[in-house]
Every structure is written in structure tokens, then in C-alpha cells.
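There are 2 protein chains.
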Amino acid sequence: MPPPTVFIVSDGTGITAETFAHSILSQFDQKFRLVRVPFVDSADKAFATVEKISESAVLDGRRPIVFTTLVDSSSNSIVKNSNALVLDIFQQFVEPLELELDMKSTHAVGRGHQNADTEEYKKRIEAINFSLAHDDGQSNRNLAEADVILIGVSRSGKTPTSLYLAMQYGVKAANYPLIPEDFERGKLPTPLLQHRDKLFGLSIDAQRLSEIRNERRPGSKYAALENCRYEINEAEVMMRREGVKWLSSTHKSIEEIATTILQEIKLDRPAY
Amino acid sequence: MPPPTVFIVSDGTGITAETFAHSILSQFDQKFRLVRVPFVDSADKAFATVEKISESAVLDGRRPIVFTTLVDSSSNSIVKNSNALVLDIFQQFVEPLELELDMKSTHAVGRGHQNADTEEYKKRIEAINFSLAHDDGQSNRNLAEADVILIGVSRSGKTPTSLYLAMQYGVKAANYPLIPEDFERGKLPTPLLQHRDKLFGLSIDAQRLSEIRNERRPGSKYAALENCRYEINEAEVMMRREGVKWLSSTHKSIEEIATTILQEIKLDRPAY
Chain C
1 MPPPTVFIVS
11 DGTGITAETF
21 AHSILSQFDQ
31 KFRLVRVPFV
41 DSADKAFATV
51 EKISESAVLD
61 GRRPIVFTTL
71 VDSSSNSIVK
81 NSNALVLDIF
91 QQFVEPLELE
101 LDMKSTHAVG
111 RGHQNADTEE
121 YKKRIEAINF
131 SLAHDDGQSN
141 RNLAEADVIL
151 IGVSRSGKTP
161 TSLYLAMQYG
171 VKAANYPLIP
181 EDFERGKLPT
191 PLLQHRDKLF
201 GLSIDAQRLS
211 EIRNERRPGS
221 KYAALENCRY
231 EINEAEVMMR
241 REGVKWLSST
251 HKSIEEIATT
261 ILQEIKLDRP
271 AY
Chain R
1 MPPPTVFIVS
11 DGTGITAETF
21 AHSILSQFDQ
31 KFRLVRVPFV
41 DSADKAFATV
51 EKISESAVLD
61 GRRPIVFTTL
71 VDSSSNSIVK
81 NSNALVLDIF
91 QQFVEPLELE
101 LDMKSTHAVG
111 RGHQNADTEE
121 YKKRIEAINF
131 SLAHDDGQSN
141 RNLAEADVIL
151 IGVSRSGKTP
161 TSLYLAMQYG
171 VKAANYPLIP
181 EDFERGKLPT
191 PLLQHRDKLF
201 GLSIDAQRLS
211 EIRNERRPGS
221 KYAALENCRY
231 EINEAEVMMR
241 REGVKWLSST
251 HKSIEEIATT
261 ILQEIKLDRP
271 AY
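Quick mapping for you: the protein sequence lines, in order, are chains C and R.
Take the first sequence: its position 193, counted from the start at 1, is 193 in full-length UniProt numbering, and no numbers get skipped.
Take the second sequence: its position 218, counted from the start at 1, is 218 in full-length UniProt numbering, and no numbers get skipped.
Since the hints were made in silico from the structure, they are not lab data.
One or more hints might be untrue.
The list treats identical chains as one, so a pair stands whether inside a single copy or across any two.
[Said to hold, decoys possible] Straight line, CA to CA, 30 Å or less: simulated DSS-like cross-link-like pairs of lysine-lysine:
{"id": "1", "residue 1": "Lys52", "residue 2": "Lys198"}
{"id": "2", "residue 1": "Lys52", "residue 2": "Lys187"}
{"id": "3", "residue 1": "Lys187", "residue 2": "Lys104"}
{"id": "4", "residue 1": "Lys245", "residue 2": "Lys52"}
{"id": "5", "residue 1": "Lys45", "residue 2": "Lys198"}
{"id": "6", "residue 1": "Lys187", "residue 2": "Lys80"}
{"id": "7", "residue 1": "Lys198", "residue 2": "Lys122"}
{"id": "8", "residue 1": "Lys221", "residue 2": "Lys245"}
{"id": "9", "residue 1": "Lys80", "residue 2": "Lys104"}
{"id": "10", "residue 1": "Lys221", "residue 2": "Lys123"}
{"id": "11", "residue 1": "Lys52", "residue 2": "Lys31"}
{"id": "12", "residue 1": "Lys31", "residue 2": "Lys122"}
Please work from the sequences and hints to get the whole structure.
What follows is the structure in C-alpha cells.
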């Protein structure tokens, strides 16, 4: 039997529905085949989607699973009549909320994502530009504007984490490397001294760091396990002495690292 | 009355729950105060969360709204007894799926996100590194490895879109600027000629481009409306002549641009 087919049907990008479906489906020891159907914003497109779903049911010899986030109720009822297990993400939650808040929902299509013309969206794009300009200690200008400055040895995960913080949360995240010269001087890089309260450290297991560095520069001193051990140990001693909070990125995804940092630095969270 | 307080309670990062709550809450013309409670992976933490929720109910004079994605059933029942409207994202969908698939879910905590040690995660990190190294035409090396190469005039949205494609989908997205010299020569930049099938264009409204460029270099020729009009027109003529698909980024969020590109280039989608 082929793996079950899963349709993600949305009036917008379908990113919310896909993220959500992914969490639910990962609870099953089973492969799924994923078909995304974004931008379903008319009855015609809803009917075309139903047709696709029916074809898939015939091909697979079993009815597909459909996750929908269609806000428009007529498109929604069209898709709900598919030959499929339809899991309607919105209806299940919007209705109890209407009761609780004693107000009607706006039933506005495509609201799930930030509109490109909002202030909040512009803030995110600005944060991305900031993080790119302040990647790897490239610039000391406007460091005071940073919400957080990540520090750590080369290849400890600073760059992807900074970009994720910017892209997902609109957080201006700079990052600055700790290098052997800093350890010899026994001091934090000078431009960081006045921003101590914004620093957050990333550390990493020496074995893992050596593997990562060897992919870049095989057989180099930079990548040697002994050198990785030395740099990491020096960096951790320095962060402890300077009172900089840090975590180990070894077994953490960028999502987990970013979430932990946000908790620690207690940035104001946006209200919706 | 203060805005309703919304708790996001998760055993992992809470990113799925937050994305989901955001979509639902954006259906209401109402401000909410958001409190995130990630990493609730023990009964103790579940009880502490219930306490926080109760305090908030007293302070606000109304019960909060709670979105949960707790997979562990004992933690889940603790939180469900809160003085709140509890919207249990998992239970509502996992149970019908168990019936449909005729299998039990694994009830594994923290599965929603990719583990940092999986191949898929490594692919995403590799894609981020690739996109950074190939930002703004910085390098022509390994362009053949790119899944897509975005082209367009300066500040048309190529960089954030490339990074988003890499970070969210593990897509190796390079980007390459189209500059006045290319228009004078009337040809695509030479390194791109052998990768025509990977090109995707971004265009933008001239007025909007001029605004964006003026923030960077106020009063410059680069930012002048007349010059923006010229560059955009030339770029669109070139893309049309070369048979490169393109879209206008003017009113689109990076999520919308990325989703559209994925649809167009028909990359193999990962199965879960």
C-alpha cells in the first residue's frame, strides 16, 4: 500500500496548516505523501481541489487526509464534502473563541500571515537586514540597536540562530565571534564591553565542532579536536567570568536555541 | 478591561502552537496579551503553569485563553483543569487520525520539530550556509548546486526570500542582482547563462522601490524614481525575453513569495 496522501488546503500560503499538520503527523510512525494546495480563494479553486482529492483516493485505494484552514465558509463546505478525512483546523477553534469573547470573528481570508504592508512586517525585514549586516562581527556600527548579541567560537551556531531570531520574531540579533586572540588577551572583544547586558553565548561539544570544522577545512589546525577543545574551554571560562549566560547548541535545533534565548533575555513580546 | 491573556503552552518550543494561535486570533478584531510557556515537560512544570494561569485570571478579572500542544496525557490533564478556556490542539486531531490510520500515535514529546541530529535538519543548515555564501551574486562557485537562483534589481526582496527558502524548506536558494551594466549589454549576467532553468525573477513597483532605496541612500540617483522605473522596466523586458518566470514582490510577504516560487519551480517536496 502506498503511504497515505495528505492534502494541505489553505486560502493563503498554507504555512500555518503545514506546520500544524507536521506536528500532528509526526506523532505517527508512518510515512505520508504531502500535497500542498495554497491560495484556494474561490469556489472554482475549491472544486478543483475536491477533484484532486478524489483522484488521489482512487489512485491510492484509500481516502486521503485533508488539513484545511479555509476561512471562507462556502469554499470550506465544498472541500469538506471531499472523499477524505477532513480536519478543519479553524472551525474547531474559532467557534469556541467566539463564544468566549462574545464577538464574531471577521472571517477574513489570508489573515493568518502578516501582511507585507504592516509595521510589524517592516520590523521583521529591518531585523533581517540588521542581522545580516552584523553577522560574524562584520560591523560594530549601531550595535547599541541590537536586541541581543550572540557570542561564541567559530561554527557554534551563531549565524543561523541570529537569522532565525530576526526572521521569525523581528529580533535584531547581531553575532560576534570569540577568537584565539581574545583568549590570549583574556578579555571580551572591545566593542562588546559596553553591551555586556545584551550578550548571550553559544557553546558546543568539542567533538561535534571538530566534525563541522573538518567539513569546511579538512585536516586544518582550526578543525583539530585538540584546538576545538581549547577554544571551547577558553570561551566557556570567559563567559562564566564575565557573567554571560550561555547554552550548548550541540543537540538543539535553531528553533530550540532561539526560543531559549528569547526566554532568557525577556524581550518584550509582541501582542497580536 | 485589559486585553484577554493568551497562554501558549507546549512541551517543546511552542512555535507550532504560537503560529497556530496567531492564525486563529487574527480572526478577531481584538488585541491579546501573549504569554509563552515553552518546555513544559514534567508534571511539576504543568502545575506551575496552572498557577500562572490562575494568577492571570485574577489579575485580568476574566479567565485566559490557553492553547496547548502537550503530548503527555498526564501533563495535559493537569493543564486542562486550569481556570481558562483551554484549546487542546493535539487531542482534537490526533484521535480521529488514530481511527483513520488504524494505528496508535506514539505520544512522543517534542516531536513536532525537527531534531537537530536528523539528516533533514542538517540539510536545512547546509541550505542556509549555501544561501548566505551565494547572496547578491557573491560567488559563482557551485551555482549548479542551487535549487533556485533568484534574480532582480537591487532591493527587490531577493535576500530575505532566499534565506526564508533555505531556513524553512532546506532549499538552496542563490540570488543574483540585475544591474545597469547587464541592461546596457542587454544580456543576463554570464555566470547565469548555463543555469537558465533555475532562474526565478522578482520585480517590484517603482514607487515602492524608490522608497526602500531612499531609506538606504537618501537623494541618490540609485534611489531616484526615474532610475527605479528604468531599472525595473529593463529587468522585466530581459526576463520576458529570456523566458524567466517572475512575480512582483510589492505587496507580498516573504512567506507568500516563497510559497509561490516553490509552486512554480516544482521542487520535490519532503514527505514526513
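**Asked** At most 30 Å between C-alpha atoms: does Lys52 with Lys198 qualify within a copy, between copies, both, or neither?
**Response** Intra 52 Å, inter 27 Å, cutoff 30 Å: inter-copy only.
**Message:** Within, between, both or neither: how does the pair Lys52, Lys31 come out at a Cα-Cα threshold of 30 Å?
**Reply:** within (20 Å within a copy, 39 Å between copies)
**Asked** For Lys31 vs Lys122, is the C-alpha pair at or below 30 Å within one copy, between two copies, both, or neither?
**Response** between (38 Å within a copy, 20 Å between copies)
**Asked** Under a CA distance limit of 30 Å, which applies to Lys221 and Lys123: within one copy, between copies, both, or neither?
**Response** between (41 Å within a copy, 26 Å between copies)
**Prompt:** From the Cα coordinates, with 30 Å as the cut-off, is the pair Lys221 and Lys245 best called within, between, both, or neither?
**Reply:** For Lys221 and Lys245, the Cα distance is within 30 Å only inside one copy (28 Å; across copies 46 Å).
**Asked** When no copy is specified for Lys245 and Lys52, does a C-alpha distance of 30 Å or less occur within a copy, between copies, both, or neither?
**Response** Between copies, since 25 Å is at most 30 Å while 52 Å is not.
**Request:** Have a look at Lys187 and Lys80 and pick one of within, between, both or neither, based on CA distance no larger than 30 Å.
**Result:** neither (63 Å within a copy, 50 Å between copies)
**Asked** Given identical chains, is Lys52 near Lys187, meaning Cα to Cα at most 30 Å, within a copy, between copies, both, or neither?
**Response** neither (63 Å within a copy, 41 Å between copies)
**Prompt:** Between copies, within a copy, both or neither: which fits Lys80 and Lys104 at Cα up to 30 Å?
**Reply:** both (22 Å within a copy, 25 Å between copies)
**Item:** Homomeric proximity label, Lys187 with Lys104: Cα distance no greater than 30 Å
**Value:** neither (58 Å within a copy, 55 Å between copies)
**Request:** At 30 Å max between alpha carbons, let me know whether Lys45 reaches Lys198 within a copy, between copies, both or neither.
**Result:** between (49 Å within a copy, 28 Å between copies)
**Item:** Intra- versus inter-copy proximity for Lys122 and Lys198 (alpha-carbon distance at most 30 Å)
**Value:** both (23 Å within a copy, 29 Å between copies)
Checked against the numbered hints given earlier, this structure breaks hints 2, 3 and 6; the rest are met.
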